[in-house]
Structures are given as structure tokens and as C-alpha cells.
Amino acid sequence: MAEKNIQMREALRQALIEEMLRDERVFVMGQEVGEWQGTHKVTREFADRFGERRVRDTPISEMAIAGTAVGAAMAGLRPVAEIMTINFAFVAFDAIINHMAKVHYMFNGQFTVPMVMRVASGWGDQATATHSHTPEVIFAHFPGLYVAMPSNARDAYGMLKTSIRDDNPVLFSETIALYPSVSSIPDNNPDYLVPVGKGDIKRSGDHVTVVGYARGVAWALEAAKELEKEGISCEVIDLRWLRPLDLEIVYRSFMKTNRCVIVEEALPMFNVGAEISAKLQEDLFDYMDAPIKRVSAMDVPLPYAREIELMALPNAQKVMQAVREVLR
Amino acid sequence: MAKEIVMPNLGMDMDEALLITWTKNVGDTISQGDVIAEVETDKTTVEVESPVGGTIIAFQYEPGANLKVGAVIGYVGDAGEAAPAAGGGNGAAATSSAQSTPVQAPATPAPATVATDDGGRLKASPLARRIAEDMGVPLGQVSGSGPQGRITRRDVEGYTPPAAAPVVASSPVTGGFFGGASYGKLPEGSDIEVSEISKLRARIGERMVTSKQQVPHFYVTMEINMDDAVRLRKALNAVVPDNGVRISVNDMIVKALALTTRAFPNFNTHFYGDRFVLHRRINVGIAVALDNGGLINVVCKDADIKSLGSIAMENKGMIQRARDGKVKPEDVSGSTITISNLGMYDVDNFIAIVNPPEAAILAVGAARQIPVVTENGELAVGSRMKATISVDHRVGNGAEAGEFIKYLKDLLESPMRLL
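One line per chain: the protein sequences are A and B, in this order.
The numbering used here puts the first residue of the first sequence at 1, with every later residue one more than the last.
The numbering used here puts the first residue of the second sequence at 1001, with every later residue one more than the last.
The shape of chain A in the complex, shown without the other chains (with noise of 0.2 Å):
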């Protein structure tokens, strides 16, 4: 099967091309998707091509994007919102989280909600405290709720295809930094998909477990490329999925190498890595030999100033750090 190397925003434009041709009852709305061709780009050229019935502008009002999107996917379409960044779906958090979310146990199984709410998520390009947050952990609190975070173009290609085609609804947070990051993605594969819930090993290790999501696993990967020349092997592990979460790759590798480091761009105070944590001590007692420990943004609003927003964001230096703590 022939491959072709693409850009994440790239890899989910095309992504969104092929459902959309695929189910006509798949469509798009979200501020700036068709006239202004997409904030980030990825709905780029869709109004010309799938007109404006299933390309959607709508107004600066995320609880109407969010309710829009819930009746309409209630009443049998399969829409793909879209809310400009997730710190501006906390206005949406209600529809989000009571209806989005709930409709489906609340109404017994009457209705489904097959809809998929895109955000964009993260930005350490000094968009400051209110503009970049990682909070999809917030979401991933509530039960009814998928949440999918890719970290790269390949698996955002696959899981923003299962997302669509799935009947759940599906919170899919794309990280604004690995917009242009690149990957090979099938050639010509419209059927690729992403199994919902399946975290992915990104590189095999012996001696620690890093698991890791979204940014957290380019920094993952840069650190345990590093720490190769220290005679340290990490398995790397990509959660891909919030919500459902793969608990067992973490622990089958957590069995292997009985040491743990969680890495993430999101805040520190209850997070995925005091989850992990929370299950590894759990169940898994008898196989840790060191303390989990956990790599994430600081305990601050984010700041505007460039060298202190490096500071308060984590990097490979500091995964490498925690790492080498966990084997001491």
C-alpha cells in the first residue's frame, strides 16, 4: 500500500473530504469554516465544493454551535462542529457536557447524538493565559463523552474518520502546534481507521514507560531519542484516546519495565497522569519499583512573556529528567 507523507491539518482536510463524500448526512459548521476557507485551514475550499447547505458559517456563539450540532445529530445528520479553540468551548461547556454528551443515557437510547466536536487545543506562541489551555482532561471527566487527541497526521487522519463514523459523540481535540507536523498517511485508503480506545506504542523500550498524548508524545519521543545514547530505552506509548482509556497497553508495558513517567501539555492538578498514577498503584502495586512521576505544564496561568511561557511548558528536557528520577 503506497504512502504519501502530509501535514496533520492536511491529513484531516482530506480526512473530512472522504466522509463527507462517503455520508452526505456529514456535515460542517463552525465560525469561519466555509467563507473565510477555515481558521486553520482545514476546511479549506469545502464551501466551493459542498456548498453552503453542508458548509456552515455560523455566528460568535459556541452554546448555539454546540446545541445546533447536538439537534441536529439528534434528528438523524451526522455533524462535524466546530469551535474555534477549546478555551472557547468552555462557553459551550453545558451543551457540551449535559446534552452532547448525556442525551443519549438521559433519553434512554432514543436518540443519538453521532456528532463529532472538533477544537483546536494548546498554542505556546504566546496566546497567552485565556487562549491556551490543554483541558481536554475536563472533558474526559464525564462519562458519554469520547475524547480523541492525535499526535500526529497519520492517527488524526484515522481517528477523525472512526469519530465521524462512530455513533457516540466525540470530543476531537486537535493540537494547534502539530498543524504542520508531518507524517505518511495510506495513499489510498479511505477506509483507514483508528480503532476507538486503542492507545498505540510509538517506540519499544525495556527499562521505563512513557506514556504520553497529543504534544506530550513528540516530547516523549525527542527524550527517549536522547536518552538511546545514555544506554536508557523507553517505551513510548500514545494514548490517542482520552476517553475511552486504554489502561491495558500502559500496564502490559508497566508489567515489562516496572517504572512510569506521564507526560503531558496539559495543568498538573488532577490530570492524565495522576489517573495513570492513580490505576498503576492500584492495580499494578506489586510491579512498581520507583515512583510514577508526571511531566506537565506548570501550575500557572499560562504567561505572555516568550521565555517564561518556554518555562512554564514542558520539553524534552524535562521528560529526560523525570526519567532518569524514576530510575535511580
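I should point out that these hints are in silico values taken from the structure, not numbers from a laboratory.
What you are looking at is a predicted structure, and each value in this text was computed from that prediction instead of being measured.
Where hints are given, some of them may not hold.
[What the hints assert, rightly or not] Restricting the straight-line Cα-Cα distance to at most 35 Å, the calculated cross-link-like pairs of lysine-lysine (DSBU-like) are:
(1) B:Lys1234 <-> B:Lys1326
(2) B:Lys1386 <-> A:Lys229
(3) A:Lys198 <-> A:Lys279
(4) A:Lys229 <-> B:Lys1328
(5) A:Lys256 <-> B:Lys1316
(6) B:Lys1326 <-> A:Lys318
Using the hints, position chain B against chain A.
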């Protein structure tokens, strides 16, 4: 109504344990699961929990007594209750050291290492604890290399007891342990230093006594011309790359012993009282002396089918690990026949003790330049090495042993056959 506290079985093949101390007092109120005693088993120190809550009414034994599994060791009930009439204080269930089936010496455990914090709690990772329990390593004797002296997996796996040997089913020694405490009163005074014998050292001693007392040893010595072997070794090592492992004379003897054993499978047969057990794999145990005066046997598995190069590489690794105190469990288990080499001390000849249940052990001296008589009856200088095989006469007889050692000699004198 007072409930009995019965001595639980705390580990595999445990039938009794030494009471070190009670951790609660008579009259204390306790809950179910509270630790009430610390005992020492064959392998490690263990805590005994009370199966019931209440007030401790009585303890049946004093520290230092041996508690048999299943014996009543105390009573828990309501405050003020009287203890039921028990069969006399340190009675029926305790064993005295004069009995004929001892397995432990009444020795106190070795002092704990730096891994305890102020509260006396041993710092060890959950994984290290589990492995220590599985391997029978006394956690209190392991020193921790983790942060704050925490014991981690590598510490437990690298642990070697003071004087270790491969663990073997111990057989009862009649007449008491170490021949009985029959050397009289312990001497005292300032020129005397009395030390306790650790459980593991005691176990080794016991095995050696068993071997000497019960294995009918006989010995056959052979002088071997090592000229060709030494020459071949030189030639082989000349083409070893700089970062490669050089073949030692011992490596060659290990291979020769293994090949000889293959030709004489009776020497790979172990004696189990009423049965012979033939081992199909030939794993040669190699005695390694450690710096602290200890001795450990590393095992070269399948030595008969491995190349000299592989044997050299593996042996070097294992021996280094043994000397560094980082031996792995698989390094020291599974030997079917053993070799002990004192050649490095220029020893002429010595006689080794068979490692039960093995049937034989080969003792090798130094290859020395000595005057020899050549084929045409002339005096010359040649390299000769003495090797003595000690054999369990229940498994092999003199003629076989003679053939065995002759075969070994022939192999070493035509060393190309070792390749």
C-alpha cells in the same frame, strides 16, 4: 470466651519459625490483623498477625522459642479473662535444639541495613518486596541502592548471601546440627570474638556435613599434559578482537568436562535417596571465590553443546556478576556437575566435596612445568596439570571413574576436539 492464636504457615515449606519478639504485650487491646509477633523463618523475618481482635490474654512462648506451624501461641479474648489451661508453658510444640530433626539454628537475624527509616520501616519498592518473597531473599539483609537507600528490584536480584551455594533440598542431619552443640561451653574473654552463624551459612555448612557424612566419596586423580591445550588457547586468543572475550584454560576444562559427561551420562545422574534422576542437560557448575571469603557456584548451561567462545563469554559475565554481587538467579541454579579450579593458586592437587545431589565434582590444580618422561624414555620438561574427580559411589564406581577421567585427559590432550 478466649480465642486461640495459632501459628500460621507463612511461606512455602515452612514447618516452624523462631520467635524473635512479641510486638504487643499481654493486656493490650488489639484489632484483627494487628501484628503481634515477629518470627524468623528459614528465609526471612516475617510478621504474624492476629486473626481476631480483643485483649491479649496470654502468650504461650518466650522469645527464642521455635514455634511449630499449627501450635497455639497465644490467646485473645475479653479483658480480665483467664487463659485456658494450656499443656505447660514452652511445651509440646516447641522444639529443642537437641532434637534430631533441626533445620534452623537458634541464631538471631543479621542486623538490618540502611534501608530502614526512623520508624524502623524497611524501604523497599513493592516490586522488590514481591521478588524478595518469591526468591526467598531476606529483605532485611539487602542493601538498597535507590533514593534514600530504598531497596529496588536490582538490589534484590543482585543479592548474594554471605557464603552462598545453589539451594538444594536439605536432608535431616542426625545427631543435631553441625554435629551437635557438643564442643562444650563457649569460650569467653577478651581474646575471643564470638559471632552468630547466619541462617544461610548454616545451611551451607549443613549441606557440606551431609555430603561428607552420607555421600560415599572416592577419588581418582589424573595427570594431564596441557601443552597442546595451552598452545591451542594461545592460537585462538590471538584472533580474538580487542573487545572480544579471551578463552581461559578453565573454559576449556569446562567444555571438556561437559563433553566427557555426555559420554558418561551416569555422572550427570543425581541420587535422591531411593531414585536416580538422570539430567539430560549438562550444566557445569563453576566454583567462584568471592572477596568476602564466600563461595558461589555459577552455572554454565548446556556446556556440552556451546562453543568455546560462547562458554568463555558467558562464564566471564557470570563470574564478574558473582564478584560484583550482582548475580542473577539463573546464574546460580541448575548445575548437574561441578568443577572447582585452584590452579590460580599454583596448587598441585586437591580433593573437592561432592555437591549433593550431584554425583561428581572435578578438582583441578595448576598446569606446571615439571620434569617428565617422554615416549622414547628421555627426561624432558613438560606441562602437567592434576585433576581429581570425587565421585558418589552410589552412582558411579571406580572403573567408570577411571574411564571418565581418562576420557577427559584425552580430550584435553587433543584439544581440537573441544571446538
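Exercise. Hey, Lys1386 of chain B versus Lys229 of chain A, does the alpha-carbon distance stay inside 35 Å?
Worked result: The given pair, whose Cα atoms are some 49 Å apart, is violated under the 35 Å limit.
For this session: Sort out whether Lys1326 of chain B lies within 35 Å of Lys1234 of chain B, counting only the CA atoms.
Result: With a Cα-Cα distance of about 31 Å, the restraint between Lys1234 of chain B and Lys1326 of chain B holds, given a limit of 35 Å.
Exercise. Are the Cα atoms of Lys198 of chain A and Lys279 of chain A separated by 35 Å or less?
Worked result: holds, 17 Å
For this session: Would you mind confirming whether the straight-line C-alpha gap from Lys229 of chain A to Lys1328 of chain B stays at or under 35 Å?
Result: Given that 35 Å is the threshold and the Cα spacing comes to 26 Å, the pair holds.
Problem set entry | Proposed proximity, Lys318 of chain A with Lys1326 of chain B (alpha carbon, max 35 Å) | holds, 31 Å
Exercise. Between Lys256 of chain A and Lys1316 of chain B, does the CA-CA distance stay at or below 35 Å?
Worked result: Judged against 35 Å, a Cα distance of about 27 Å means the pair holds.
Checked against the numbered hints above, the structure breaks only hint 2 and satisfies the rest.
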